Structure formats: structure tokens, C-alpha cells
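Peer 1: Going line by line, the protein sequences match chains F and D. Just so you know, we're using this note's numbering here: the first sequence kicks off at 1 and counts up by one. Just so you know, we're using this note's numbering here: the second sequence kicks off at 1 and counts up by one.
Source of the hints: derived by calculation from the structure; they are not laboratory data. Nothing here was measured: the structure is a model prediction, and the numbers come from that model. Don't take each hint at face value.
[Stated by the list, open to error] Cβ-Cβ distance ranges computed for the label pairs, FRET-style: (1) F:S60 - D:I213: 31 to 37 Å; (2) F:D84 - D:E125: 50 to 56 Å; (3) D:D146 - F:P240: 35 to 41 Å; (4) F:N18 - D:E30: 51 to 57 Å; (5) F:R265 - D:V23: 57 to 63 Å; (6) D:H145 - F:K7: 25 to 31 Å; (7) F:N18 - D:S76: 49 to 55 Å; (8) F:G93 - D:K176: 45 to 51 Å; (9) F:A172 - D:K176: 50 to 56 Å.
A virtual CB, placed ideally from N, CA and C, is assigned to each residue, including glycine.
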Amino acid sequence: MIFGDKKTGVIVTGATGNQGAFHIALMNEYAKSVGGRGVVAGVTPGKAGQEVHGVPVYNSIRDALKEHDASASVLFVPAFAAGDSIMESASAGLSLVVAITEHIPVHDTMKAISYAKMNDCCVIGPNCPGLLSPGEVKLGIMPAQLFTRGHIGVISRSGTLTYEIVDELTRAGLGQSTVVGIGGDPVIGQTFTDVLTRFSEDRETKAVVIIGEVGGALEEEGAKSAEIPIVAYIAGISAPPEKRMGHAGAIIEGGEGDARSKIERLKAMGVPVAQRPSEVPRLIHNLI
Amino acid sequence: MKILEYEAKKVLEESGIRIPGGVLIRSPDELAAHLPALPDKLVLKAQVDVGGRGKAGGVLMADKATAVKTAQDLFSREIKHIPVKEVLVEERLDITHEYYLSIAVDRSTQHALILFADAGGVEIEKAAKEDPDAIRRASLPLIMHDVPQFMVRDLLGKAPKELGPLINRLYHVFQKKDALLAEINPLVTTPGGVVAADAKLIVDDNALNRQGITVNRDLSDREREAERFGFSYVELEGTIGVIGNGAGLTMATLDLIEYYGGRAANFLDVGGGAEQERVMNAVRLVASVPSVKAIVVNLLGGITRCDEVAKGIISADVAQPVIVRLAGTNETEGRKLLSDKGYQMPDTMEQVVKAAVEMTR
């Protein structure tokens with residue numbers, strides 16, 4: 001597994017909101033089932049002293065860290081305050097921020113990621129479902145019932161499409177080491193390249209599925225650097241140019257980033273590309 | 001959202017970048033009133049959001065005597081199917097050289113990417129493919145207030161130093177306006193100084209609010225209606241309506257329709273936690289498109305409650321057949337509600353798509 005394990009202590013920011021509270025409960029249910037530490041504290045400015053599903057809430061991450069040992073935060077704060085919350089996590093010394101929030105202005109994200117890097121803090125997302133290492137740790141909102149432990153890594157720009165493909169893998173007897181949703185925004189902290197580097201150093205991971213979509217060239221950049229066997233699925237072959245397909249980052253701009261040319265470039269690098277999500281398990285079997 | 005040329009130029013001017021003298025007109029008659037104050041040689045530019053505007057006939061030359069007639073001609077045109085409603089009438093510049101300058105969000109470095117080229121006025125993507133060395137680049141973390149001087153020197157190369165301050169000014173526009181792209185193409189030198197002859201500005205949709213922009217003009221009416229419901233919606237030209245949750249899964253559903261030989265009528269991502277009313281609105285919205293002959297609903301997720309989805313589909317009560325793939329919480333209840341009403345409910349997304357394609361063939 002990469003990014004975290006059972007021993008990872010987690011702080012949830014935006015803890016008292018609907019989403020934050022709901023997912024504190026689900027993350028801790030998962031932690032309990034695998035014997036992990038889970039969410040140890042919540043943070044919402046001005047709400048110190050409250051509890052969310054038994055988890056104490058503090059005004060700031062620094063306050064929470066005075067009472068609890070934690071290394072990661074999962075962020076549910078509203079878009080306008082999310083960049084700020086990423087920087088607060090980095091400044092307080094956390095090594096990992098998982099930013100679930102969608103619709104963060106991209107300039108805020110760019111500044112927050114720069115600041116986090118200066119503080120040796122790694123950002124996953126924004127606009128992502130987080131990550132899950134079956135049997136170890138869940139940081140985010142992925143539905144745990146579809147996952148099973150094994151040796152396949154998954155990196156994806158999407159949420160539900162990831163669950164679809166994880167479900168296909170699980171049904172085919174291919175368990176997962178870690179599944180990482182890197183986010184659907186144009187600018188994201190951890191790219192395919194970054195996560196592939198971690199997977200190639202992870203003894204539990206034998207092959208990786210990268211799930212990409214239209215927009216940018218992060219898939220190709222990742223594939224070029226990969227030192228571990230990979231297969232790919234790219235969504236959006238039917239997407240028209242200059243239209244945002246749900247994700248802020250899913251847009252073919254200036255004739256760049258369309259699915260067909262992405263797929264061709266990946267194939268030219270020798271990467272097997274699935275035409276349909278259901279083909280992914282067969283391509284993995286061919287590989288290992 | 002794309003900002004029109006005349007609006008973008010106003011923004012540049014406020015930041016100290018010189019723009020050509022000119023006026024915006026909404027009819028040929030308006031031009032007549034402005035004529036006395038305008039120079040003899042003019043250029044008329046249709047204010048429409050399309051690439052390759054010049055080639056499509058959206059930019060016309062004129063002099064004072066022919067200007068009104070030329071304006072009448074331009075207002076009667078459609079530029080790539082968009083009617084001309086506004087025309088920018090500008091002085092024709094005495095150009096000594098054209099350059100290219102842009103600043104964009106770079107996904108790979110997560111920084112601002114500044115591009116400068118000695119040959120402006122051309123399609124930069126093409127120029128980049130033909131001669132990558134003709135374009136110089138610099139990557140700048142957005143936490144920097146100004147473009148460092150060494151970067152300006154590197155970008156300019158042998159180009160005149162008087163262009164230097166423009167790079168920093170455009171960077172400030174980029175920062176202040178939450179821009180995804182700020183572009184001056186061409187940036188021209190004239191005997192009177194450096195002028196932004198054209199301008200392009202794209203503002204981050206997620207920052208429209210704090211930029212004081214209330215209506216996203218890039219969306220069609222139906223897309224805007226969908227946005228009010230909280231859906232991501234894109235109109236396409238096929239016969240199969242599509243509703244999914246999550247952008248990736250919905251795109252993959254569209255792709256599968258194409259794979260099996262059908263054509264999708266739309267992309268609709270209903271979002272997370274789809275309750276009865278949301279689903280009902282989504283189904284009705286998709287069904288309201290006349291070309292839609294069948295509707296595919298593909299919902300998968302941890303938090304989506306299938307019984308709510310089922311109630312939403314049933315209460316939408318639309319004329320077209322709705323084929324449903326449901327997986328998530330309360331799946332059994334949801335399936336029972338739908339099967340009692342006679343809905344088709346295959347198990348996988350492939351089966352749902354195949355059924356819809358066959359139905360519309």
C-alpha cells in the first residue's frame with residue numbers, strides 16, 4: 001500500500017458539515033473493521049468542543065495536533081475556503097492532504113499546492129474521492145464494499161468510474177493494493193507520474209490500472225515514466241471539443257487532450273488500452 | 001468562460017497595456033455617429049467567440065468612406081453559425097512586427113506557463129508543431145507576485161526590450177482575473193509603441209462568482225437550466241439520452257453507446273447523493289429533447305440510494321422508455337419498485353447500453 005496504513009491518524013477538516021460528518025462515520029466504520037486508527041479529530045473554525053460521531057472537534061489543525069497524533073487530513077471544507085485549508089494542513093506539519101472538495105478556483109489550488117510542496121506536504125486532489133488500501137486504510141469517500149485486498153494498483157481522475165472498474169477487478173479475482181483518485185480538476189497535487197513512482201517502489205503492487213479521461217496529457221506523461229506494468233482506460237472518446245465533460249479538467253482545448261490521440265500515444269508506448277471498462281481485468285491477466 | 005475581445009482589451013488597458021483606439025457598435029447606424037472621431041483607415045472585427053475568426057470572414061478592412069457599408073455587411077453575416085451582434089471598430093495599426101504572448105494554467109507543472117514567440121498573428125498550436133524552437137517558455141509558480149527579470153530576458157531573446165514590461169502586466173491580468181488563459185496574439189510593435197492588437201481571456205468557471213460574473217455565457221439555455229438543478233450537462237446530437245452519476249462513469253457510458261453503434265443525445269452527470277426530485281428533474285430534462293428516443297440511467301455508488309432513484313424515475317413519468325442500471329444502497333427495494341412498473345433493469349452498464357442501442361436502431 002502507499003500513502004497510509006492502519007497506523008495513520010487522520011484529521012477531517014470541514015468536520016461539522018453534512019459531508020464531513022457523514023464520511024467521518026464511514027471512515028471510522030472502515031477503520032474499526034480493519035483495526036486501524038481512523039479519524040482521530042475533526043476541525044471546523046469556531047466549533048471547538050463539539051463532537052461528530054464521537055470524534056472531538058477543534059478550531060484549528062494546530063489545536064487538534066496538541067491532543068492527537070495525526071499525519072494526514074481529509075478535506076471537506078467549502079470550495080472558497082479549501083485552498084486555505086490545504087495550506088493550514090501543510091503549515092501544521094501534516095504530510096498528506098486529501099482534498100475531496102469540488103469547484104475550488106484553480107488559482108487557489110495552484111498556490112496551495114506550491115505552498116504545500118515547500119512544507120513537504122503531499123496533496124491528493126482536489127475534486128477527488130480520496131484513496132483506499134483494502135484491509136489498511138480509507139482516506140475519503142470510496143465505497144469500501146466493492147474493494148478487496150490484492151496486488152493491483154489503481155490511479156484515476158474519476159470517482160464512480162473507478163468504482164466500476166474496481167468492481168470488475170474484484171469480480172475477476174484481482175484484488176487491489178491501493179486505489180487512488182487523483183481528482184478531476186485541471187491542476188491536481190499528485191499526478192499519474194507521482195503515484196506511479198510510489199507504486200513502482202511498493203512491494204505489494206504488481207501492476208497498475210490508470211483510468212484517464214479527456215483533457216491535458218498527464219496520462220501520457222505518467223505512462224512514459226512508469227517503471228511498473230500498466231494498463232489504461234481513457235474515457236471520453238465521444239466527447240466533443242471545447243466542452244467541459246462534468247469535471248473541470250475534462251475538456252479538449254485547442255485540439256489537445258482528446259481521447260483518441262491519448263489512446264494512440266499510450267499504445268505507441270506499448271501500454272495496453274481497454275476499449276471498455278469490462279476489458280481491464282483481461283488486459284491485466286495478460287500482463288502478469 | 002470566454003471573455004469577448006473588446007472586454008478583454010478593456011481589462012488589458014486598465015492594467016497599463018496599450019490597445020488600439022476604437023469603439024464598440026451594436027448596429028451600423030451607431031458607427032455613423034462615431035465616424036468623425038475615427039481615423040481614416042479602420043478594421044471591423046465581429047465580437048464572436050470562435051477560433052479562426054479572420055478566415056471565417058469575421059474581420060473586415062474599411063476606410064472612413066466605406067465603413068458604414070462594411071459594417072452593414074458584417075452585421076448581416078454569421079461567423080461559424082454565430083450571428084454578429086457586436087462589432088469592434090478600431091484604427092488600423094501601422095505594424096512593424098507581430099509577436100505572440102500568452103499565459104496559461106499548466107497542468108504538468110501546476111504553475112503559470114508563459115509563452116512568447118517572435119512570429120505572432122498565426123495559429124500558435126500549428127507554429128509550435130512546425131518549429132518548437134520558435135516558441136520560448138517559462139514556468140512561474142503562481143505564488144510569485146512578478147515575473148523575474150531573468151525570465152523576461154529569456155522569453156524575449158532578441159525581441160525589443162520595450163516588450164518586457166508587457167509580460168509582467170499580462171501576468172498581473174492573469175492573476176487578478178482568475179484566468180485559465182490570457183493571450184495577446186498578435187502583440188505588435190508600431191512606430192508609436194507596443195500595442196495589443198488582439199486579446200483573449202478565459203476566466204475559470206469556478207471563480208466566476210468572485211469575479212462578479214453572474215451568467216456563464218458559454219452555456220446553452222438547456223445547459224444553464226441543468227446547472228440550476230446542479231447537473232453537469234452537455235448537449236450532443238444523437239438519440240439516446242444519458243444520465244449517470246460522476247463525470248467519468250457518464251463519459252464511459254457515452255463511449256459504450258458509440259462502441260455499440262448508437263449515438264448519445266447528451267451527457268448528464270446528476271452528481272452525488274441523487275434523491276428522488278433530482279432524478280426526476282434529470283429524467284424530465286433529458287426527455288424534453290425532441291430527438292431522444294430512449295433514456296439510459298447508469299447509477300453506481302456508495303451513497304446513492306436506489307429506492308430514491310427508482311421513485312424519481314417513476315415520478316418523472318416520461319414518454320420514452322427508460323432503461324436502468326442501479327447499484328448501491330437499498331438496491332433490492334429500488335429494483336422492486338421499478339420492476340413492478342415494468343422497467344427494463346439489466347445488471348451491467350454494457351447490457352443497459354446494448355438494450356438502448358437496439359431500441360433506437
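Peer 1: Looking back at the hints listed earlier, which ones does the structure fail to meet?
Peer 2: 2, 5, 6, 8
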